[in-house]
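Novice: Chains as they are written, first to last, in my numbering: chain L, -4 to 217; chain Z, -2 to 292.
Calculated from the structure, these hints are not laboratory results. Treat the hints with care, as some may be off.
If the Cβ cut is set under 8 Å, some of the chain Z residues that face chain L in the computed set are [to be verified]: (1) Tyr11; (2) Lys13; (3) Met48; (4) Arg52; (5) Gly56; (6) Cys58; (7) Ser70; (8) Leu78; (9) Phe80; (10) Leu84; (11) Met89; (12) Gln93; (13) Phe97; (14) Trp105; (15) Pro278.
For each label pair, taking beta carbons as the anchor points, the in silico distance ranges come out as [stated by the list, open to error]: (16) Cys130/Z / Gly172/L: 36 to 42 Å; (17) Gly13/L / Val71/Z: 34 to 40 Å; (18) Arg163/L / His234/Z: 30 to 36 Å; (19) Arg211/L / Cys130/Z: 26 to 32 Å; (20) Gly13/L / Gly290/Z: 51 to 57 Å; (21) Arg14/Z / Gly172/L: 34 to 40 Å; (22) Asp122/Z / Arg163/L: 35 to 41 Å; (23) Tyr2/L / Asn19/Z: 42 to 48 Å; (24) Leu(-3)/L / Tyr111/Z: 24 to 30 Å; (25) Asn106/Z / Arg91/L: 20 to 26 Å; (26) Pro120/Z / Gly21/L: 41 to 47 Å.
Note that CB positions come from ideal geometry on N, CA and C, so glycine has one too.
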Amino acid sequence: MLSSILYKEWLKVRLFWGVALMLNIGVFVYLFVDLRHLFTIEHAEMIWYQAFKIGTLHYAYMKYLLVITGVIIGAAQFTPEMIGHRFRLSLHLPVRPNSMVLCCVLAGLLGVAVIGMLDVFMLYAIIARFFPHEGAKSALLTALPWLFSGLVAYLGTALTAMEPRLSRKFVYLAIAGGFLWLFYQGNDYETYNRALWKPALISLLFIPSVILPVYRYRNRTS
Amino acid sequence: MENIIEVKNLTHYYGKRVIHENLSFSVPRGSIFGLLGKNGVGKTTLIKILMGFLRPVSGRCRVLGEDSHNLSSVARSKIGLLFEGHLAYEFMSIAQIEKFYSAYYPSWNRDLYYGLVDRLDLPYDHKIKNMSCGQRSQVVLGLIFAQEPDLMILDDYSMGLDAGYRRLFLEYLSEYVKDGTKTVFVTSHIVQDLENLVNEVMFLDRGGEVLQTSLDEFMTGFRQFRFKRNGSANTLHRDDVIRNLDITGDNASVFSFRPMAEVGAHLAEMGIETAGLEQVPMTLEDAFIGLTGKY
């Protein structure tokens, strides 16, 4: 069952996953070019001062990158299911509905996580190209909540897309927005070093919550 | 005989509008059951309830012996379901959708699928979203036949199909049911197609009125009588004897489950002149319109 659902989800999102991948790679190529340009026009001591004394985050424009990625993949995965009530096709498959939806969500999370891992690799490689290892490691720790927020954005989009009732969709959007807000408190280096596990743990509740719209979909009266 | 579908006292509303009220019926194994009714009488709603996509206000529905709202995976694997509008995963191609569905059904018959789909003369990588309605229906019906289900539920299979596709589908369906163990529950806007297919019919009317009968009983018991219209025909109205009436041009028609002598006497009692009263042969479509009205 899992492989068959992964196959279906891959067919559905591969184009959008590819677009999101290109977007992420494009942003990191820009980061590389930007840093190279900076080191060409500025003295290295000045950049060091900006980065480690003033606290300038040279890679701040990747802040919402994985959030956008999560929204793209979540929307690409579940919007086609809800248009024309195609979700019924999936619910009629001879598998338990909750397991089926969790498998779909697992597939989407995997898609976001793969791009997130690539982001981690690219961020480390680019920062380490211009700064010492400690600087690159610090960049990863700083960006970790932004990367985690991509998974939350994906789950929030999935939950919202699957909900049959419009008014509840807004409620879920607001909840997802609230969870995302938790990951964007502070603009300094390594703000979440000792605290990330708390919002991360709470956000895991999003995974079983995707069963709720399935239950509501199957128990509609109109 | 074992019932494949059993509905008891089903009641459902959309807001205050009654869709079904105390609806009870059963579909025996091996029957081909036609659900007929005009637009908006609740045919699709009934199928949604039977398949667990809607929870009824009250009543009990059992499909393959299980509560329709909690069908097990095993039960669903025995039900081939055609959604209204030939719903399909449109992002898949002909080959991809076959590969996807085949993983779920133990007795998957690949040859049946490609037997239908090959007639389209399309490459297997052709996407369903790029197909016409008729082509998509062919793929969807191919998928349902390939499941070799015990119960086929077809919600308006004829929607968007031309005569050729409809005929082809009916041929496949006749083949599918010929051993007498498979059950079909079907709705269609093309009532005429069902005349040579179904053996049980249920007519749904607005407000939850229902008539369930065998096709033979209905076609022999429900009659149309025509006579020359005159001024007295203006007082015609429906009652226990006259189920429906139709006045067109110089002719008046009444539809009834009673024999001609009884209807003639009843009309005379009403003071209606019935010059040239005769029984008119009807097709299923004529009878359907006679029973439910033209609009």
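Novice: For each hint, tell me whether it holds in the structure or not.
Specialist: Hints versus structure:
1. Satisfaction of the interface hint for Tyr11/Z is found here, the shortest Cβ-Cβ separation to chain L being roughly 5 Å, below the 8 Å cut-off.
2. The restraint placing Lys13/Z at the interface with chain L is violated, with a minimum CB-CB distance near 12 Å, outside the 8 Å limit.
3. With a cut of 8 Å, the hint placing Met48/Z at the interface with chain L holds, because the nearest CB-to-CB distance is about 7 Å.
4. Taking 8 Å as the C-beta cut-off, the interface hint given for Arg52/Z holds, the closest approach to chain L being about 5 Å.
5. Interface hint at Gly56/Z: violated, since its Cβ lies 13 Å from the closest Cβ of chain L, which is beyond the 8 Å cut-off.
6. For Cys58/Z, the shortest C-beta to C-beta distance to chain L is roughly 14 Å, which exceeds 8 Å, and the interface hint is violated.
7. For the restraint placing Ser70/Z at the interface with chain L, the shortest Cβ-Cβ distance is roughly 4 Å, inside the 8 Å limit, so the hint holds.
8. Annotation: interface hint on Leu78/Z holds; nearest CB of chain L at approximately 5 Å, less than 8 Å.
9. Annotation: Phe80/Z was flagged as interfacial toward chain L, and the flag holds, the nearest CB pair being 6 Å apart, inside 8 Å.
10. Checking Leu84/Z against chain L by beta carbon gives a least distance of about 6 Å; that is within 8 Å, so the hint holds.
11. At its closest, the beta carbon of Met89/Z sits 6 Å from a beta carbon of chain L; the interface hint therefore holds under the 8 Å criterion.
12. Taken as an interface hint, Gln93/Z checks out: its beta carbon lies about 6 Å from the nearest beta carbon of chain L, inside 8 Å.
13. Contact between Phe97/Z and chain L, as hinted, is supported at the beta carbon level, the nearest pair being about 5 Å apart and thus within 8 Å.
14. A hinted interface residue such as Trp105/Z counts as satisfied when its beta carbon comes closer than 8 Å to some beta carbon of chain L; here the least separation is about 12 Å, so the hint is violated.
15. Because the closest C-beta pair between Pro278/Z and chain L is about 41 Å apart, greater than 8 Å, the hint is violated.
16. Checked against the given bound of 36 to 42 Å, the beta carbons of Cys130/Z and Gly172/L, roughly 40 Å apart, stay inside it.
17. Look at Gly13/L against Val71/Z: about 38 Å separates their beta carbons, and that is inside 34 to 40 Å.
18. With their beta carbons about 49 Å apart, Arg163/L and His234/Z fall outside the hinted range of 30 to 36 Å.
19. For the pair Arg211/L and Cys130/Z, the supplied restraint of 26 to 32 Å holds, since their beta-carbon distance comes to about 31 Å.
20. As the Cβ distance of Gly13/L to Gly290/Z is approximately 55 Å, the hint placing it in 51 to 57 Å holds.
21. Remark: the range hint 34 to 40 Å for Arg14/Z to Gly172/L is upheld by a beta-carbon distance near 37 Å.
22. Look at Asp122/Z against Arg163/L: about 39 Å separates their beta carbons, and that is inside 35 to 41 Å.
23. Distance hint for Tyr2/L and Asn19/Z: a CB-CB separation of about 45 Å, consistent with the stated range 42 to 48 Å.
24. Leu(-3)/L and Tyr111/Z have their C-beta atoms about 26 Å apart, which keeps the hinted 24 to 30 Å range intact.
25. Distance hint check: the CB atoms of Asn106/Z and Arg91/L are about 25 Å apart, consistent with the given range 20 to 26 Å.
26. Separated by about 34 Å at the C-beta atoms, Pro120/Z and Gly21/L break the suggested range of 41 to 47 Å.
Violated hints, listed in ascending order, are 2, 5, 6, 14, 15, 18, 26; each of the other numbered hints is respected by the structure.
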